[in-house]
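Novice: One letter stands for each residue in the lines below.
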Amino acid sequence: MLEIDNLTCGYDDKFHLRNINFKLADKEFVGIIGPNGSGKTTLLKAISRLLKPNKGRVLFAGKDIWQINLKELAMKIAVVSQSPVTNSMTVEDFVLLGRIPHFKLLQFLESKKDLAMAEKIMSLTDILRFKDRAIAEMSGGEKQLVFLTRALMQEPKLILLDEPTAHLDITHQVVILDLLKRLNKRTGLTVVMVLHDLNLASEYCERLILINEGQIYKTGKPEEVLQYQIIEQVYKTVVVVDKNPISSKPYLLVVPEEERQRSGQR
Amino acid sequence: MKNKLLNWFIWVAVLGGILLGTCILSLAIGSSEISFKKIIPLLLEGKGTAEYSILFNLRLPRIILGFAIGGALSLAGVMLQGMFRNPLVEPYTLGISGGAALGVCLNIVLRLNHTLGILSLPISGFIGALTVILLVYFLTLRKGLLKVQGLLLTGVMISFICSSLLMFIMAVSRAEDLHGIVFWIMGSLEEPNWLLIKAAVWVSLLGLFLSYLFSLHLNAFSLGEDEAKSLGINTERIKSLLFIFSSLLTGLSVSICGVIGFVGLVIPHFMRLLVGGDHRLLLISSYLGGAIFLILCDTFARTIISPLELPVGVITGILGGILFIYALTKKQLVLGEK
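Chain order of the listed sequences is X and S.
All residue numbers for the first sequence refer to the working numbering, where the first residue is 1 and numbers rise by one.
All residue numbers for the second sequence refer to the working numbering, where the first residue is 1 and numbers rise by one.
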């Protein structure tokens, strides 16, 4: 579905990403992880055609995304980012903005089909009961569900999410990721997300791409990437890796300075 | 959807009704009072009387011009604030009025209007506005990108340069030219040339029509520029088009009526508070709101110290400023936030 071919890009001639290569199959559920400033969000921007590559290409279904018409691309790739909401729309109106790429020339109003779809997806993401509320009045977790619903209204094949669980309590973290997982399983939606929480990444993602200093450091299944030697090397901190007794996925524990000194670690 | 359309229709009908009421009020009020009852008989059979002449040769052109210019300025404000997601951007912060004022001022001082005719005044204003628009646009454009901070700063700086040049010209100009310059800078809806009034109406209505082609784009811009892009919108192209478009509307207004501030800043804010952030309703309601506000301000301007007349720019500034501060203290008036 997606192929990143020798991608080098950045801002103002400074390269934040160098020689990135990877392929993404249909229906994959992938997490991009890495320390702050490693280039995760830059990668997401390059995939979503917000940042032009200095070198290399990003191919969607075999076609360079910069050769695909913007509107056409918006019907295939949707993005959920962390932009603050500054409008006073109701949830329903906000969600309906996601239909814009599907509007015909000189179409100004949503069709019956659009409204029915909004109803359906809002009930799927469990926000139908808020549909008449102003988006500015919603909590962080509810807002994130609204953003996700708006992106799903584009009917994308691939959804890109930039830290969808940032600033959320564990209930909402699980609600959002469970929902994405369900969509991935049931509708075949391909999911790529940047995650800071390595334990969530481990539990939910089939494959992880670990980025360090603008390059791919390691890619593979969570148990292949989340090894303490790799994490300590990249994140420059001491961690303990264990296994979740229920899911058998690896999980990480950090070790505070005091404990490190007591046990003789640096 | 039916409910939404009904809601939109009600808002437009209410604002249209208020506009009509304002027009009738403005026709009737003035240094010579003409009762409401007399307006229709005068219209039908009063041709040739002094009252007919006051109504339809003096007051009506001002009302029509107020409608066109108020609407155009407010529309330009909605478009600029919408695409830059910044409540401070308005036609005048971008230096357009400064350029137009400088153009007209040069015309007066160099006495070009004596040789080229009175129409050369709006034309030189328009050339001044256009020069600033292009200057701000190309000075701000970096690698094909138009950034709002750069645009604002360049606009404000060019505005300062223009007003300093203006002051310099005023300081060295003859006393008889000074009056013309001052009156023009403060703005007035008094325009004896029907051709210009008609041109203003057509351009302003065309502006309203064209702005609708971008109503959904403006809605998408409210999500943020990157989000608008990921909804399939060519943000750079749309921004350039909307910028040039709203600048031309402002340039036209300034070149005909002089500097009338605050309409493009205050009215879009109020309308956003009243009708919400959907540009499909916001554009038309701001247009109507701008028209109502300017016609009302002009009525004040010509009646408050009647038979003398105040420049309408003074009234829009004072009234608009007070209303704005009131709204700020009452509600959190961040762009679009209720």
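Certain hints may be false.
Across the chosen pairs, the derived CB separations fall in these ranges [claimed, not checked]:
1) X:75 - S:202: 37 to 43 Å
2) X:63 - S:209: 34 to 40 Å
3) S:13 - X:8: 38 to 44 Å
4) X:264 - S:142: 51 to 57 Å
5) X:126 - S:202: 49 to 55 Å
6) S:182 - X:113: 57 to 63 Å
7) X:109 - S:21: 25 to 31 Å
8) S:202 - X:3: 28 to 34 Å
9) S:202 - X:1: 32 to 38 Å
10) X:133 - S:202: 56 to 62 Å
To spell it out: a stretch of chain S is covered by chain X in this simulated footprint if at least three of its residues, at any positions, have a beta carbon under 8 Å from a beta carbon of chain X; those stretches are [said to hold, decoys possible]:
11) 232-242
12) 272-282
Keep in mind the hints are simulated off the structure, nothing from the lab.
Since the model is a prediction, treat every value here as computed from it, not as a measurement.
Just so it is clear, CB atoms sit at the ideal spot from N, CA and C, and this is done for glycine as well.
Novice: For every hint, state whether the structure bears it out.
Specialist: Verification of the hints:
no.	hint	in the structure
1	X:75 - S:202: 37 to 43 Å	holds (38 Å)
2	X:63 - S:209: 34 to 40 Å	holds (37 Å)
3	S:13 - X:8: 38 to 44 Å	violated (58 Å)
4	X:264 - S:142: 51 to 57 Å	holds (54 Å)
5	X:126 - S:202: 49 to 55 Å	holds (51 Å)
6	S:182 - X:113: 57 to 63 Å	holds (60 Å)
7	X:109 - S:21: 25 to 31 Å	holds (30 Å)
8	S:202 - X:3: 28 to 34 Å	violated (53 Å)
9	S:202 - X:1: 32 to 38 Å	violated (51 Å)
10	X:133 - S:202: 56 to 62 Å	violated (42 Å)
11	232-242	holds (count 3)
12	272-282	holds (count 5)
Of the numbered hints stated above, those contradicted by the structure are hints 3, 8, 9, 10, listed in ascending order.
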